[in-house]
Amino acid sequence: MSKAAVLAPGSLASPANMRRSSARVSRRTIILIAYIVFLMLPIYWMVNMSFKTNEEILAGLTLYPHTPTLHNYITIFTDPSWYSGYINSIYYVTLNTVISLLVALPAAYAFSRYRFIGDKHVFFWLLTNKMAPPAVFLLPFFQLYSEVGLFDTHIAVALAHCLFNVPLAVWILEGFMSGVPREIDEMAYIDGYSFPRFFTTVFMPMIRAGIGVTAFFCFMFSWVELLLARTLTSVNAKPIAATMTRTVSASGMDWGLLAAAGVLTILPGALVIWFVRNYIAKGFALGRV
Amino acid sequence: MNFEWMAWTLPTALFFTGIASMLVLMTVWELVSPTVEAKGFLPMRTTRGDRLFIGLLGSAFIHLGWLAATDAALWGAFGVSLVWTALVIRFG
Amino acid sequence: MDKVQDNRAWFLIIPVFLIVAFSAILPLMTVVNYSVQEIFGPGQTLFVGTEWFEKVLADERLHDALFRQIIYSLAVLAIEIPLGIVIALGMPGGRSAKTSLTLVLLALPLLIPFNVVGTIWQIFGRGDIGLAGATFRALGFSYNYTSNSLDAWLTVLVMDVWHWTSLVALLAYAGLQSIPPAFYQAAKIDGASKWAVFRYIQLPKMRGVLVIAILLRFMDSFMIYTEPFVLTGGGPGNSTTFLSQYLTQMAVGQFDIGKAAAFSIIYFLIVLLFSFVFYTIITKTGSGEKQ
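Protein chains in written order, with this note's numbering: chain A, 1 to 289; chain B, 1001 to 1092; chain C, 2001 to 2291.
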């Protein structure tokens, strides 16, 4: 696949630009818009519900909150058992992103620049971990992290999420790094750069888009994962997603509160996605378009 | 850190020792005479390591199939697997 | 390929190797150990050989779950791949505000925690308080995902489409973006039809990313757990009990750890087989195009 053609994503013509038959084009646009409406409706419904009182929710369908209230959000922001869940989640997600990037950067460089014994097999082995069903690892994970005394700590969840985030980070970064010509490395070494200096001052700035996208993906996959995070924590590091499930089953159905908590789990993703919007498609293609 | 929680048994310990020594042997072999990608009866070009992996993965499924199909001793499946792995590594 | 042969590159791999090995190899070995024993409690085990494997392979409920799983994964692929392509074809090009907005809106479902996805659809689909559920009822359907198997199954499927089609669309879009404008101009001069442009220019360029999309969607749908767990809990009956659900029930619910471990290994081998086949296709087709 031609990598040079992709270095400037978005600058190229897209099919929509060649309006040969405007009827066809608009039909495709209609499908797109209909799909986005389909995407947004359930989210809107949850946002809508989060601003309602439970009386209004149970009284019948209302398309917008007739008696809007911030009560649900106030409950979350004033009750430590709720907001500490957010802090825990953000803490271990950040930790995981930092660890993943730190270990994946040199490894991705090695894969993109060198051939060495077992390189392809290690690469494939890393990927199988991305593909292993987390349910397989639940029980031994619990025992492993209990054994090393990390159970119910943020670092335990961060390390566990490395299982699928590190391979992903290596894969994406390798894709971006392979887009940088080797000549740049060789020039730098001729100019007397040491490897660490070259890597941090020359190479990393060149692939900063790739690093940003990788960080975003690590953040995203760690943020959305619940199964391992719930298994490895009980109180001190409990993620928000687990707080949600427990509160719901304990106190009957407090729909408004549940909806508000859900809305607050979407916000961090919606904020970070804005910064990588132009690279997200390439990132999803694992840097390989 | 002790490994008691991992509930080791002799057969599984032997199994993993076997896998580990295979990896070591393959590495040594590779250092002595580097492999060349070749095309055998498999649909793509493979290295020695690829063929070993395919042989082992196939062996796992041979064992499962044996367990599902017959009550005969598992050594039968083991024998079939050895032949299969040897065939793949030599001719794959 | 102009890579340099240098085994010292291993030093750059070591951190990754150690961190993944810690989380992957030790637990995997433990699962293998469990699978040949009856586990009564910590330190109390009895070697049972391959008994669990025989039980798992003969387990009717497992066969049902596997069958449901395969149908489900195929349905997911059959809907999401074509739909994703169509959506990508309709996406605006260039780096405009419109493009940015479309990308962000499309990617939004991918950033929602899996259990919240379940919650969203739980709320959305309920007959009493949900927009979709209430609309269906108003139209005269007796829609109820908690008691009707077919409704539950379809709801889980629609939820998956809602959750993941964007991934396919974004991948396909990335593939389309890599087509040089000259290709379209040439097609225009030749008077190629819309279909011909799709068939001979766009589809070949999307091939690489589509293989990735199929791989990712197959693997993730094959392991789906959290969303149906929240939405239906595997029911009604067992109609939405997929492999991961059944595995978790076995390990956590019934504490059949040996059997669950044997099941895990078989599950893992199946995933490994598919991964290897897909991975081989990806890498071999990739190197094929370069030449």
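Among these hints, one or two may not hold up.
When the alpha-carbon atoms are kept at most 25 Å apart in a straight line, the in silico DMTMM-like pairs for lysine to aspartate or glutamate are as follows [to be verified]:
hint, chain 1, residue 1, chain 2, residue 2
1, A, Lys120, A, Asp79
2, C, Lys2055, B, Glu1030
3, B, Lys1039, A, Asp119
4, A, Lys120, C, Asp2064
5, C, Lys2003, A, Glu183
6, A, Lys120, B, Asp1071
7, C, Lys2003, B, Asp1071
8, C, Lys2003, A, Asp185
9, A, Lys120, A, Glu183
With beta-carbon atoms standing in for the labels, derived distance ranges [to be verified]:
hint, chain 1, residue 1, chain 2, residue 2, range
10, A, Val148, C, Arg2008, 28 to 34 Å
11, A, Val272, C, Phe2141, 37 to 43 Å
12, A, Ser146, B, Val1024, 17 to 23 Å
13, B, Ala1072, C, Leu2083, 26 to 32 Å
14, C, Leu2269, B, Phe1041, 31 to 37 Å
15, B, Glu1037, A, Pro80, 40 to 46 Å
16, A, Asp79, C, Gly2041, 36 to 42 Å
17, C, Ala2075, B, Met1022, 23 to 29 Å
18, C, Pro2204, B, Glu1037, 21 to 27 Å
19, C, Leu2269, A, Val148, 25 to 31 Å
20, C, Ala2075, A, Leu58, 41 to 47 Å
21, C, Gly2253, A, Glu183, 55 to 61 Å
22, C, Pro2204, A, Leu70, 52 to 58 Å
23, B, Phe1041, C, Ser2149, 42 to 48 Å
Treat the hints as calculated values from the structure; they're not laboratory data. C-beta atoms are modelled at their ideal positions from N, C-alpha and C, and glycine is treated no differently.
Evaluation of the provided hints:
1. Lys120/A / Asp79/A: violated, 50 Å
2. Lys2055/C / Glu1030/B: violated, 41 Å
3. Lys1039/B / Asp119/A: holds, 20 Å
4. Lys120/A / Asp2064/C: violated, 36 Å
5. Lys2003/C / Glu183/A: holds, 12 Å
6. Lys120/A / Asp1071/B: violated, 38 Å
7. Lys2003/C / Asp1071/B: Distance of about 51 Å is beyond 25 Å: violated.
8. Lys2003/C / Asp185/A: holds, 12 Å
9. Lys120/A / Glu183/A: Cα-Cα ~23 Å, so holds.
10. Val148/A / Arg2008/C: 28 to 34 Å: holds, 31 Å
11. Val272/A / Phe2141/C: 37 to 43 Å: Given a distance of about 39 Å, which is inside 37 to 43 Å, the answer is holds.
12. Ser146/A / Val1024/B: 17 to 23 Å: Because 31 Å falls outside the window, the suggested range is violated.
13. Ala1072/B / Leu2083/C: 26 to 32 Å: Violated, since Ala1072/B and Leu2083/C (Cβ atoms, about 49 Å apart) do not stay within the stated range.
14. Leu2269/C / Phe1041/B: 31 to 37 Å: With a Cβ separation near 22 Å, Leu2269/C and Phe1041/B fall outside 31 to 37 Å, so the hint is violated.
15. Glu1037/B / Pro80/A: 40 to 46 Å: For Pro80/A against Glu1037/B, whose Cβ atoms are near 60 Å apart, the range 40 to 46 Å is violated.
16. Asp79/A / Gly2041/C: 36 to 42 Å: Because 37 Å falls inside the window, the suggested range holds.
17. Ala2075/C / Met1022/B: 23 to 29 Å: violated, 40 Å
18. Pro2204/C / Glu1037/B: 21 to 27 Å: holds, 26 Å
19. Leu2269/C / Val148/A: 25 to 31 Å: holds, 28 Å
20. Ala2075/C / Leu58/A: 41 to 47 Å: Check failed, 34 Å falls outside 41 to 47 Å.
21. Gly2253/C / Glu183/A: 55 to 61 Å: holds, 59 Å
22. Pro2204/C / Leu70/A: 52 to 58 Å: Given a distance of about 53 Å, which is inside 52 to 58 Å, the answer is holds.
23. Phe1041/B / Ser2149/C: 42 to 48 Å: holds, 45 Å
In summary, the numbered hints that this structure violates are 1, 2, 4, 6, 7, 12, 13, 14, 15, 17 and 20.
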